[in-house]
Amino acid sequence: MIVLSRDWLLSETPVSRAQAAWVRRYRGWLQFRTNGLAMVGLVTAAIMIFMSLAAPLLTLQDPSAQDLAGRLAPPSWQHWLGTDELGRDIYTRVLYGGRITLGMVVAVVLLVAPVGLAVGSIAGYLGGLADRALMRVTDVFLAFPRLVLALAFVAALKPGITSAIIAIALTSWPPYARLARAETLTIRGSDFIAAVRLTGASSFRVILRHIVPLCLSSVIVRVTLDMSGIILTAAGLGFLGMGAQPPMPEWGTMIAASRAFILEQWWVPTIPGVAIFVASLAFNLLGDGMRDVLDPKQR
Amino acid sequence: MSASRLRPALGGLASVPVTLFGLILVTFLIGRAMPIDPVIAIVGDHAPADVIARVRKELALDEPLWVQFGIFLRNMAHGDLGHSVMTTRPVLVDIGRFFPATLELATAAIIMAVVIGIPLGVTAASRQGSRFDHVVRVISLTGQSVPVFVLGLLALLVFYVKLGIAPGTGQLDVAYEGVVPRVTGMLVIDALLADDWDSFWDALSHLAMPASVLAYFSMAYITRMTRAFMIESLSGEYIITARAKGLSATRILWRHAFGNISVRLVTVLALAYASLLEGAVITETVFSWPGLGLYLNVSLLNADMNAVLGATLMVGLVYVVLNLLADMAYHLLDPRVR
Amino acid sequence: MLVQIDNLRIRFPTPHGLSDAVRNVSLTLGQEKLGIVGESGSGKSLTARSILKLLPGNAVITADKLIFDDIDVMSADEDAMRRIRGKRAGLILQDPKYSLNPVMTAGEQIAEAWRIHRGGSRRLAYRAAIDLLVQVQIRDPARVAAAYPHELSGGMGQRVMIAMMLAPDPELLIADEPTSALDATVQAEILRLIEDLVSRRGMGLILISHDLPLVSHFCDRVVVMYAGRVVEELRAADLLHANHPYTRGLLECLPALSHRQRRLAVMQRDPSWLEE
Numbered sequence: 001m002i003v004l005s006r007d008w009l010l011s012e013t014p015v016s017r018a019q020a021a022w023v024r025r026y027r028g029w030l031q032f033r034t035n036g037l038a039m040v041g042l043v044t045a046a047i048m049i050f051m052s053l054a055a056p057l058l059t060l061q062d063p064s065a066q067d068l069a070g071r072l073a074p075p076s077w078q079h080w081l082g083t084d085e086l087g088r089d090i091y092t093r094v095l096y097g098g099r100i101t102l103g104m105v106v107a108v109v110l111l112v113a114p115v116g117l118a119v120g121s122i123a124g125y126l127g128g129l130a131d132r133a134l135m136r137v138t139d140v141f142l143a144f145p146r147l148v149l150a151l152a153f154v155a156a157l158k159p160g161i162t163s164a165i166i167a168i169a170l171t172s173w174p175p176y177a178r179l180a181r182a183e184t185l186t187i188r189g190s191d192f193i194a195a196v197r198l199t200g201a202s203s204f205r206v207i208l209r210h211i212v213p214l215c216l217s218s219v220i221v222r223v224t225l226d227m228s229g230i231i232l233t234a235a236g237l238g239f240l241g242m243g244a245q246p247p248m249p250e251w252g253t254m255i256a257a258s259r260a261f262i263l264e265q266w267w268v269p270t271i272p273g274v275a276i277f278v279a280s281l282a283f284n285l286l287g288d289g290m291r292d293v294l295d296p297k298q299r
Numbered sequence: 001m002s003a004s005r006l007r008p009a010l011g012g013l014a015s016v017p018v019t020l021f022g023l024i025l026v027t028f029l030i031g032r033a034m035p036i037d038p039v040i041a042i043v044g045d046h047a048p049a050d051v052i053a054r055v056r057k058e059l060a061l062d063e064p065l066w067v068q069f070g071i072f073l074r075n076m077a078h079g080d081l082g083h084s085v086m087t088t089r090p091v092l093v094d095i096g097r098f099f100p101a102t103l104e105l106a107t108a109a110i111i112m113a114v115v116i117g118i119p120l121g122v123t124a125a126s127r128q129g130s131r132f133d134h135v136v137r138v139i140s141l142t143g144q145s146v147p148v149f150v151l152g153l154l155a156l157l158v159f160y161v162k163l164g165i166a167p168g169t170g171q172l173d174v175a176y177e178g179v180v181p182r183v184t185g186m187l188v189i190d191a192l193l194a195d196d197w198d199s200f201w202d203a204l205s206h207l208a209m210p211a212s213v214l215a216y217f218s219m220a221y222i223t224r225m226t227r228a229f230m231i232e233s234l235s236g237e238y239i240i241t242a243r244a245k246g247l248s249a250t251r252i253l254w255r256h257a258f259g260n261i262s263v264r265l266v267t268v269l270a271l272a273y274a275s276l277l278e279g280a281v282i283t284e285t286v287f288s289w290p291g292l293g294l295y296l297n298v299s300l301l302n303a304d305m306n307a308v309l310g311a312t313l314m315v316g317l318v319y320v321v322l323n324l325l326a327d328m329a330y331h332l333l334d335p336r337v338r
Numbered sequence: 001m002l003v004q005i006d007n008l009r010i011r012f013p014t015p016h017g018l019s020d021a022v023r024n025v026s027l028t029l030g031q032e033k034l035g036i037v038g039e040s041g042s043g044k045s046l047t048a049r050s051i052l053k054l055l056p057g058n059a060v061i062t063a064d065k066l067i068f069d070d071i072d073v074m075s076a077d078e079d080a081m082r083r084i085r086g087k088r089a090g091l092i093l094q095d096p097k098y099s100l101n102p103v104m105t106a107g108e109q110i111a112e113a114w115r116i117h118r119g120g121s122r123r124l125a126y127r128a129a130i131d132l133l134v135q136v137q138i139r140d141p142a143r144v145a146a147a148y149p150h151e152l153s154g155g156m157g158q159r160v161m162i163a164m165m166l167a168p169d170p171e172l173l174i175a176d177e178p179t180s181a182l183d184a185t186v187q188a189e190i191l192r193l194i195e196d197l198v199s200r201r202g203m204g205l206i207l208i209s210h211d212l213p214l215v216s217h218f219c220d221r222v223v224v225m226y227a228g229r230v231v232e233e234l235r236a237a238d239l240l241h242a243n244h245p246y247t248r249g250l251l252e253c254l255p256a257l258s259h260r261q262r263r264l265a266v267m268q269r270d271p272s273w274l275e276e
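Protein chains in written order, with the numbering used here: chain A, 1 to 299; chain B, 1 to 338; chain C, 1 to 276.
A hint or two may mislead.
What follows is a set of in silico ranges between Cβ atoms, one per label pair, in the way DEER data are often shown [stated by the list, open to error]: (1) A/Ala182 x C/Pro271: 41 to 49 Å; (2) C/Leu18 x B/Arg336: 51 to 59 Å; (3) B/Leu65 x A/Pro75: 53 to 61 Å.
No lab work stands behind these hints, which were simulated from the structure alone.
Heads up, the beta-carbon is just placed ideally off N, CA and C, and yes, glycines get one too.
Produce the complete structure using the sequences and hints provided.
Here is the structure:
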């Protein structure tokens, strides 16, 4: 029975597995809460996610509505953050752009984490030839410069959000495989794994139900920390014209389009830049805080 | 250096051919996955059918994929990476022209990053929890979170436009172009070699801003890693021993604590340098710096696949070499790894 | 009097305020061998290290008197302490695997201790280091001097530590569990070496250990600590006539070869010991 009262969550003697898990999570949360910077990161990230998702509710204007007569206008009551080079409201575009950026990040993570986990834990558990082969592949991808390879991928496919996501994902998964493999190697020799195998569990079952859950916490930490890097890479691709294409309000693309106006109407390229910075910073702080709680040994 | 120490270091070498092969294969596949017909890209839309057929045969585009790969490899071995549609020169020549500028930029950046970053990280670790430490952590954190191009644009805005103290984009003022004979391709060095101080200062002042922008990011990473390593090192028992010996704080900090992490730091530096090459792609675009990054970006926009692949291969190659050097350095310098 | 400690109190900050780790500890040391015995957490290491002010940064130290020779340690600043450390008092830690710098050779570390306090050229210091290695009974001093700590056995590592701490010719040596990480056969050798060197140089010795018979064997006086307090202080020879129930309990727990015991005694802890 789950009774989410404070006493129940702080209990020193949990009576069920569910309760024990909840006690652990609550303790972790309490510890996380003491870290000021991490809380700032969490709140900021939460606000950004909320504002992006609720963009239609929070904005009054259409992100693609042009007003060439009123282009490059400074912030005013009508346009809270001014207008861009085609007269579109920057505030609206930033919020909608948040959807694109966060959407890309989530898509990348959903691709990368399972693949990396799978490759790493399989390689670590099976060992031998499978291990060496999988690690060779991982090493080859690890040896590639991330941005450059993503650029080449995107160029070969068509420049756009989908290609950008695939490109970033293809270059981001190796560290997760390495991480999962390292964790698996540590766990592999444990007695409880031997016990499960003695009961006749197949390798697949052992990996999926026993090894992967234990690797999860380091992977989660890594994912959160990586998110800031993915945001920067996605924006970078947008800036270089290889990511989201205009007229989509992706932050990097917005900066590229309005680059020439940096001298007079500096806010037009700067505001999306600030958005990228804040998003990246928030996830960095959040990731640092989570690492302190979940995996203090990891640097 | 004894042979027994050299062997595990060279063991890393064995994986390099495999990695390189993988890199070349992937690059090749990317090139072939391109939706734009390479023939049209070369001869144009309105070429007659027989010209198209001839060029197609020349490029062996009708052969099976593995044959094409074989041809690709053979060409590579002869240094033939194809011709750039844009510059009409062989890609290899283009790379030779543009790569030194990137090297110059990256090297200047890493020197600045190391000279500032390492002492900063060491001092922050020695004063953990102090206000100085917090400031350093904030600088580090910001450096990791700001997109390069935003910082570059802002730097241009502030220092070039508003304050007027930095020169504009590019490697040189137009007035100095072609004045200094090209030896290494790195203008600062070439100007020194030619004893041309005017050109030297012009080149240096143009180098300052893009290198500083790049250096900021590297510095953020280097400072963070140095600080983390130092904190770990300072918690060791041998630090208590060093204190008990009556050594000065400076000596303990640098000779003992830092001495223990210097090898790991070399690996960090190699990785930082490698990622600088990547960061250069964006920085060169912002500052119109005529390096490999700009070449790559322009080729991408023009769908000049030979150039794109050639540049990607070059960067990948340098990456692999740097990783290998870092690995070898680790084996050779750390007395514990035998 | 080499060391005078009066009413030493060491506290550490915890979420519930400052907590006592060492309380109301007083002891003196002349040119003799003093043993401090206690279990883990009894505060013996902290007490000894406070003489050199080598405690963790967040420790809060108060004392009526904390004097080394003629220097008031309580009010001494870092510079003054650095003049004591090494030159006038040395500290040997438990496990040379961790307490020796892994990236410097044994010779370099010993030579460093020599040079900092005695001056001279690097070569002179290195030769002095080799000479010291001979004094700590290492058979192949040149090879050991060129070796890194991970290439040395535990016993050799401790000898290097001893050589390093004796290089500046101090008056006091604090040995914090110097043999706890060593094999039983090597333990006696190392202790005898320490005893020999300390006697010959006319030094004072504080030997910290959890091993009561060992301490009583090698020391002149013994101080027994429990839960951060001194519970008993007596001459090593009088150990069998100890008064305090904790000391008696320790003695009784020792398995003896001389008389048969059907069951080994178990220490009964009296909470009133914590009140003293």
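We went through each hint and held it up to the structure:
A hinted range of 41 to 49 Å holds for the C-beta pair A/Ala182 and C/Pro271, which are about 47 Å apart. In this structure the supplied range 51 to 59 Å is violated for C/Leu18 paired with B/Arg336, their Cβ-Cβ distance being about 40 Å. The hinted window of 53 to 61 Å between B/Leu65 and A/Pro75 holds, with their beta carbons roughly 55 Å apart.
The earlier numbered hint that this structure contradicts is number 2, and it is the only one.
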